[in-house]
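Colleague: Got chain V sorted already, so can you dock chain H onto it with the hints?
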Amino acid sequence: MGTSKIEERYDRNFDTISHGEQKTLGGSKVVVIGLGGLGGCVCEMLARIGIGNLTLIDGDVFEHSNLNRQLLSEEGLIGFSKAQAAKDRVNAINSDVIVNHLAEYVDESNLYDRIKNGDVVMDCLDSISTRFKLQKAAKKASIPIVSGAIAGVAGQVTVIFPGDKGYELIYGKKGGKQSEGVETKTGNIAYCAFLVAALQSSECLKVLLDRGDILRNKLLIAELWTNTFDIVDLL
Amino acid sequence: MIKIDLKLFVTLSKYQPENSKGLEIAEETTVEKLMKDLGIPSELVKLIFINGKMQKSKYRLKHNDRVGLFPPVGGG
Chain V
1 MGTSKIEERY DRNFDTISHG EQKTLGGSKV VVIGLGGLGG CVCEMLARIG
51 IGNLTLIDGD VFEHSNLNRQ LLSEEGLIGF SKAQAAKDRV NAINSDVIVN
101 HLAEYVDESN LYDRIKNGDV VMDCLDSIST RFKLQKAAKK ASIPIVSGAI
151 AGVAGQVTVI FPGDKGYELI YGKKGGKQSE GVETKTGNIA YCAFLVAALQ
201 SSECLKVLLD RGDILRNKLL IAELWTNTFD IVDLL
Chain H
1001 MIKIDLKLFV TLSKYQPENS KGLEIAEETT VEKLMKDLGI PSELVKLIFI
1051 NGKMQKSKYR LKHNDRVGLF PPVGGG
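Line by line, the protein sequences are chains V and H.
The first sequence begins at 1 in my numbering and counts up by one.
The second sequence begins at 1001 in my numbering and counts up by one.
These are computed hints drawn from the structure, not numbers from a lab.
As the structure is a prediction and not an experimental result, all values here were calculated from the model.
Check the hints yourself; a few may be wrong.
Stated by the list, open to error - Calculated cross-link-like contacts (lysine-lysine; reagent style DSSO-like; alpha-carbon spacing at most 27 Å): (1) H:K1056 to V:K136; (2) V:K165 to H:K1021; (3) H:K1053 to V:K177; (4) V:K165 to H:K1058; (5) H:K1062 to V:K218; (6) H:K1033 to H:K1056; (7) V:K218 to V:K185; (8) H:K1014 to V:K185; (9) H:K1003 to V:K173; (10) V:K185 to H:K1036; (11) H:K1021 to H:K1058; (12) H:K1014 to H:K1056; (13) H:K1007 to V:K218; (14) V:K185 to H:K1007; (15) H:K1021 to V:K174; (16) V:K174 to H:K1036; (17) V:K133 to H:K1056; (18) H:K1053 to V:K136; (19) H:K1053 to V:K174; (20) H:K1058 to V:K218; (21) H:K1058 to V:K174; (22) H:K1056 to V:K173; (23) V:K206 to V:K185; (24) H:K1056 to V:K218; (25) H:K1007 to V:K174; (26) H:K1056 to V:K165; (27) V:K177 to H:K1056; (28) V:K139 to H:K1058.
Same shape as in the complex, but just chain V (with noise of 0.2 Å):
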C-alpha cells in the first residue's frame, strides 16, 4: 500500500498516536499465542492499529462451541484452523502487515523459538500451567507479555517484565500445576472477551510506545454484573 494510503488510513488517529509513534508500531512484533475468544479480537485490534509483523499461534480449529463468544468463528468455518483464519482475518483488514501464522499448539520445546523475535507476546492461552511455561520461555527471549484472562464476565488483566514474579503473584507458587480455573464452570460470555481483549491490546500499544500507566505488577480486575472495576497491586 502506498504512503498516502497509509497517511489515509491512520489520518484520523494522529491527535492521539503521533507519525512517530505510528512508525514505531508499524515496525514492531507482536506475537499472540492462543486465537479463541481473547486472541481472535486481539489480531483483530493489533490489525487495525498497525503493528507492522503479527505472528499468529494455535493449533486448534473451530468448534460450534466457539461461536458464542470468538470473533473469528462462523459457522462456515466449523473445522476450520484458527490461525489461518485470523491469517486470513488480519491480511483482509490490512495488507501492510506481515503475518506468521503457525497451526501449532505451545509447550516447553517450541515456546522459546516462536516468541524471541517479537517486542511483545499476547497471553490469549486458556490455559494456567501453560501460562507458567510462556512466563519462562519470555523471561529467556527478554520480552514483555500482556496478559488476559476470562471467566463468565469476569476478566483480569496484567503486564509481565522479564524477571517479574508475575503469574506466581496472581496463581501462587503452585499455580502452574493448576491447568484450568472456574471458566471451565462459568463459559466465557462474548462482550467479556471482547473488552479484556480491549484492554490486553491498549497494555502492548501502551508497553510498545512506553506510554501511559501500564499493568506491571498491577492486576486490572473487571466484573461486569455489578460494573466493578478494580486495579490492585500485587506488590
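Modeller: Chain H in isolation, oriented as in the chain V frame:
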C-alpha cells in the same frame, strides 16, 4: 464490632451474604476466619485484595476495609 465491604467474584458470589456492604464482623477477624464463617473453601480463593492491595489470609480486618476475594481465572 467493625464494618467491612465484601465482594466475592465469579463462582464465589454464591457465598456472598445479603448485607455484604457494611458487613458487621468482630474486631481482629482474619480473612481466613471470615472465609470459614461464610463457608468459603479456602482452595477456591486465589486472590485476596484489601483496599486495592494483595493480602494474605492471615490479614486482620479493619473498620471500613474493602475486601475482594477472587477465584483462579484462566480462560481465553
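Colleague: Each hint should be assessed against the structure and marked as holding or not.
Modeller: Each hint, compared with the structure:
1. As the CA atoms of K1056 (chain H) and K136 (chain V) are separated by approximately 25 Å, the hinted pair is consistent with the 27 Å bound.
2. Under the criterion of a C-alpha separation no larger than 27 Å, the hint pairing K165 (chain V) with K1021 (chain H) is inconsistent with the structure, at around 33 Å.
3. A threshold of 27 Å between alpha carbons decides the hint, and for K1053 (chain H) with K177 (chain V) the separation of about 25 Å falls inside it, so the pair holds.
4. Note on K165 (chain V) and K1058 (chain H): the hinted pairing holds, with a Cα-Cα distance of about 21 Å set against a maximum of 27 Å.
5. Distance check on the hinted pair: K1062 (chain H) and K218 (chain V) sit about 23 Å apart at the alpha-carbon level, within 27 Å; holds.
6. A C-alpha spacing of about 12 Å is found between K1033 (chain H) and K1056 (chain H), which places the hinted pair at or below 27 Å, so the restraint holds.
7. Only pairs whose Cα atoms come within 27 Å are accepted, and K218 (chain V) paired with K185 (chain V) is accepted, the gap being roughly 26 Å.
8. Taken as a hint, the K1014 (chain H) and K185 (chain V) pair is honoured in the structure, with Cα atoms around 13 Å apart against an allowance of 27 Å.
9. Restraint check for K1003 (chain H) and K173 (chain V): the C-alpha separation of about 32 Å exceeds 27 Å, so the hint is violated.
10. A threshold of 27 Å between alpha carbons decides the hint, and for K185 (chain V) with K1036 (chain H) the separation of about 23 Å falls inside it, so the pair holds.
11. With a C-alpha separation of about 22 Å, the suggested pair K1021 (chain H) and K1058 (chain H) falls inside the 27 Å cut-off, and the hint holds.
12. Proximity of K1014 (chain H) to K1056 (chain H) is assessed by CA-CA distance (about 22 Å); at most 27 Å being required, the pair is judged to hold.
13. Between the alpha carbons of K1007 (chain H) and K218 (chain V) the distance comes to roughly 19 Å, so the proposed pair stays at or under 27 Å and holds.
14. Of the pairs offered as hints, the one joining K185 (chain V) and K1007 (chain H) holds, with about 20 Å between alpha carbons and a cut-off of 27 Å not exceeded.
15. Only pairs whose Cα atoms come within 27 Å are accepted, and K1021 (chain H) paired with K174 (chain V) is rejected, the gap being roughly 32 Å.
16. At most 27 Å may separate the alpha-carbon atoms for a hinted pair to count; K174 (chain V) and K1036 (chain H) meet this at roughly 22 Å.
17. Between K133 (chain V) and K1056 (chain H), the direct Cα distance comes to roughly 25 Å. Compliance with the 27 Å bound is thereby established for this hinted pair.
18. Taking the CA atoms of K1053 (chain H) and K136 (chain V), the gap is near 26 Å; set against the 27 Å cutoff, the hint holds.
19. Restraint check: the Cα-Cα separation between K1053 (chain H) and K174 (chain V) comes to about 21 Å, which is no more than 27 Å; the hinted pair holds.
20. Among the hinted pairs, K1058 (chain H) with K218 (chain V) is consistent with the structure: their alpha-carbon atoms are about 21 Å apart, no more than 27 Å.
21. Taken as a hint, the K1058 (chain H) and K174 (chain V) pair is honoured in the structure, with Cα atoms around 19 Å apart against an allowance of 27 Å.
22. Restraint check: the Cα-Cα separation between K1056 (chain H) and K173 (chain V) comes to about 14 Å, which is no more than 27 Å; the hinted pair holds.
23. With a C-alpha separation of about 33 Å, the suggested pairing of K206 (chain V) with K185 (chain V) is violated against the 27 Å cut-off.
24. Proximity of K1056 (chain H) to K218 (chain V) is assessed by CA-CA distance (about 16 Å); at most 27 Å being required, the pair is judged to hold.
25. The straight-line distance between the Cα atoms of K1007 (chain H) and K174 (chain V) is roughly 25 Å, inside the 27 Å bound, and the hint therefore holds.
26. Distance restraint check for K1056 (chain H) and K165 (chain V): the Cα-Cα separation of roughly 16 Å lies within the 27 Å cut-off, and the hinted pair is therefore satisfied.
27. Simply put, K177 (chain V) and K1056 (chain H) have alpha-carbon atoms about 21 Å apart, close enough for the 27 Å limit, and the pair holds.
28. Straight-line distance between C-alpha atoms of K139 (chain V) and K1058 (chain H) comes to about 32 Å, which puts the hinted pair past the 27 Å bound.
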